[in-house]
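Q: Spelled out, the chains give:
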Amino acid sequence: MDILLQQIINGLVQGSIYALVALGYTMVYGIMGLINFAHGEVVMIGTLVSITVAGSLIEAGMPVSLAGMAGLSASVLACMALGWGLERIAYRPLRNAPRLTPLITAIGMSIVLQNLAMMIWGRNYLTFPSFLPKIDFELAGANFTAIQVIIVVVSATTMGGLLLLVYRTKLGMAMRATAQNPAVASLMGVNINRVIAAAFVIGSALGALAGVMVGSYYEIAHYQMGFMLGLKAFTAAVLGGIGNLAGAMLGGVLLGIIEALGAGYIGDLTGGFLGSNYQDIFAFVVLIVVLMFKPSGLFGEKTGDRA
Amino acid sequence: MRAKPSLVALSVAAAFALSACGQHDDAPKSVAAPGTPVAKPEIVVKLGHVAPMTGPQAHLGKDNENGAVLAIEELNAKGMEIGGAKVKFELLAEDDAADPKQGAIVAQKLVDAKVNGVIGHLNSGTTIPASKLYADAGIPQISGSATNPKYTQQGFATAFRVMANDVQQGKSLGEFAVKQGIKTVAIVDDRTAYGQGLADEFRKAVEAAGLKVVATEYTTDKATDFKAILTKIKSTKAELVFFGGMDAQGGPLAKQMKELGIKAKFLGGDGVCTPEFMKLGGEATEGQYCSLPGMPLEKLAKGPAFREKFTKKFGGEIQLYAPYVYDAVMVMADSMKRADSVEPAKFLPAIGKTKYDGVTALIEFDQFGDLKGGAISIYQYKGGKLEYVETLGGSPVDLAQGDAKTDVKEMEKVGADAVKNVAEATKAAVEKK
Amino acid sequence: MTSRFFRSAVGIGLLAVALIALPFVAALGGQAWVRILDFAILYIFLALGLNIVVGFAGLLDLGYIAFYAVGAYTWALLASPHFGLHLPIWVILPIGASLACLAGVVLGSPTLKLRGDYLAIVTLGFGEIVRIFLNNLNAPINITNGPQGITLIDPVAFGSFKFSGTTQIFGLALSGPQKYYYLLVTLAILVVVINLRLQHSRIGRAWQAIREDEVAAKAVGINTRNIKLLAFAMGASFGGIAGGIFSAMQGFVSPESFSLIESIMVLSMVVLGGMGHIPGVILGAVLLSILPEALRYGIGPLQTAVFGKMLVDPESLRMLAFGLALVLVMRFKPAGLWPSPTRQRELAEAKS
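Chains as they are written, first to last, in my numbering: chain A, 1 to 307; chain B, 308 to 740; chain C, 741 to 1092.
Keep in mind the hints are simulated off the structure, nothing from the lab. Source: prediction; values computed, not measured. Check the hints yourself; a few may be wrong.
Said to hold, decoys possible - Away from chain C, derived, C-beta distances all over 12 Å, residues of chain A:
#1 I3
#2 L5
#3 M62
#4 F137
#5 G160
#6 G275
Unchecked claim - Calculated pairs, DSSO-like style, for lysine-lysine (alpha carbon to alpha carbon, straight line, at most 27 Å):
#7 K134(A) <-> K586(B)
#8 K134(A) <-> K660(B)
#9 K421(B) <-> K586(B)
#10 K562(B) <-> K478(B)
#11 K544(B) <-> K134(A)
#12 K619(B) <-> K134(A)
#13 K679(B) <-> K662(B)
#14 K421(B) <-> K902(C)
#15 K606(B) <-> K619(B)
#16 K662(B) <-> K134(A)
Just so it is clear, CB atoms sit at the ideal spot from N, CA and C, and this is done for glycine as well.
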């Protein structure tokens, strides 16, 4: 029993991170139907920026918690700028292009960002300064740490805030209008360019937040860390129904828990025939099965033909 | 006497760039540039070096290349004579991105450039397909880091390695676990050729000794989260967790073991015997074990001097395989000297008969081209340092405890000469232009 | 009429001469260039296969490399000491193609009702699943030899004529890569012809109808399910054949050759060149497979020539330039470098 609880905690933490990153994908997709493949790299840049800023401030003698906050803010700002720049330079000129064109651009940007990061931060793995005191908890035989609690709490609050933003503010209304029909929205006086830029900027800020949390959880960062994380988060977004904010959150958490339980129990379930070497398959198989029965994800609305 | 490292790096880089530039005209240059007057004929010996310079293992690739650069500079500074001519070594450094397809292309490029020998590649995955091309062209290849047993078992006369293979290492690690009096072990591997090979050999060794493998779990070489598999391992109450994989996963794995309150010891191979492991694992690495082929640098006569030279020149710690790559270059040069020829066909047989007292070991090859008797040393992380525990297997290595100080001084002189040499070469080349 | 026929005959003749002479020209720069050329043709092969799925039928497939992997492992298992089997090419290639085709149907049938991006992620997942299985099927029964890969794979051989090593033909020394070149060119021409025939056949028009408007296609009586499945199956078989040749050429396969990046590469070739337009796809494949190699040769010396020294590590610059090239081409030629005339017209209309 304690094992099941531990696995669920493991999955919940991992899933919260997926969820935060998935929001970035789903916001952009919901509004303009674009898979921003470079979003994982934005998360990576966020992590690395916060390492550099916080690390050098700590070295300069600043208290760790303050430096951590400074690192977080710097990384959020840097990623917002990056997200804005990506949209402005790479995606905006392609708005009327064939559907796959922005996808290739995104892949190209992803390669560019990775290699730039490699030039700036080098090829080695970097260690993330520990901002938080190490506090361990034990609950019914399961162990967890302060940072894990913080990750789950921060993710949940952020998502709540985002929902408020989308459903209770003017910008949110403009976003929903643009997602429904850009042409009509613009006739109603919505500045489409601003709304799309805002989606990129907000998504990137969430990405930065996720990056800092990934960094402080695993205390390690690398210029290629964004790729796998982005892929998993994207899977989570599709699982929940891409374009749907609540779906992305639930998809993320669900994927995290599926992976943890999959890795933990696949051996017992298959009588030792399959082991944890198939844990990545688990996520994809669940995805395929879900999509077979609900072709637009768990919580996705039936959207029109985007194919 | 101390040259600024940045200057050194710059001039070295420039020298390479120029030499790379020169390779476009296909004719093998067997004489020095016409502008420089030389008393003796000079032969240029081209050595290829291949390792990933891009991708997740780029840091190890650069480390390997640095080892080769150091060796070549020293050889040139020392001035070797073969067949009555002065020999100038040149390094052709290539990137295979740890991708087998790239590995084959790069290998072909080196074959075209008519290199006299190849040092590398880093990964077994690229070394194996490339070794066929080198074998077909009759070019000797010495890898300092490809540990997959298959590399030398393909029956190519040109394939050598100066490092114990996975079979030798996995076996010794198993022996060590048995000696520790451990009864139950959990095995984790990263599903790469290296990690899986090592874990399999370890399993064979411990099972043969009657230990119980209570859990076998897997991860990938890109993973950062190991909590799910570790939770499962925790429930089996294994006394030891063996990890077949690299430092980038091993460090976080050790850390997450601690976070989950797992009391078991951690044991891994050479992939986790790195400064990187300690950096990434933090406090959780305290008391954990890992192994390295050969003997510890500190225990070897030439070890400390090598470390000092290396850190002085490149301004950073040795990552992992640099000393082995350094030795690989030296073995190649030594074989040429003994055969008194730089022709691959002529000095290839001499490589098989190598008996070279290198930095990492007394290097001799068996009939496959594997390191003879490959000793494996076990280390423990203590107080942020690797502490030597014991050496298993292998033939006794020459442990000449010579006066290390004079050794270092001499090396420093050699190093300084090398710098001067490269600077001169660069200048000459620029003038030629 | 005759003059037009004459002109196209001359054109084809010149092209044939160029294709025959190419490996000898490339060999002047070293056999490495011939090998790069071989891989370029292999990628043409793959890109044309994927073009059937993405370009003709409009189905976004991010897991195409899985079929390539199936073909490669089929060859590796049936012609290597691993199982002690050494079957001839006549047997292996059809088996490889059919297995890949089967894999295409297996992937296709449950997923074809998915649209657009959902299909993309499912195919991506499928690609990963295949790779993960290849990487782990060494236990409990050793089938693929796991991450260790399979070594000593037989080269392509027709009877006693082997494609590895150098042979003398009519006083000409033909190296291994050069022989593979001719084999690959022959196969590639075959694929081009099949592609051209398909494009204007009933099936090709049905694909196009589905690509443009699936509902309308269904309404006019096209069995969209079967037609889509056919696209998957055909694309997959080409992938399987390419995989077999890759396996034989390399002499070694391991799962790391079949990662997601490869799928993305092939897709980039199709889109960059011009989706659905055969010459464009060929151009895309040639560019994307040769560009990184050309940059490998070019960037270091270029830097020294311009700045007098190396400013940036050429290896990191190489991939950076590659990424930038993708972004820039898409920015200024959104339909690809060489789009089909009809698509270009549509795009112009959409803009105005």
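Q: Let me make sure I understand: some of the numbered hints might not hold for this structure. Which ones are they, in numerical order?
A: Violated: hints 6, 8, 9, 12, 16.
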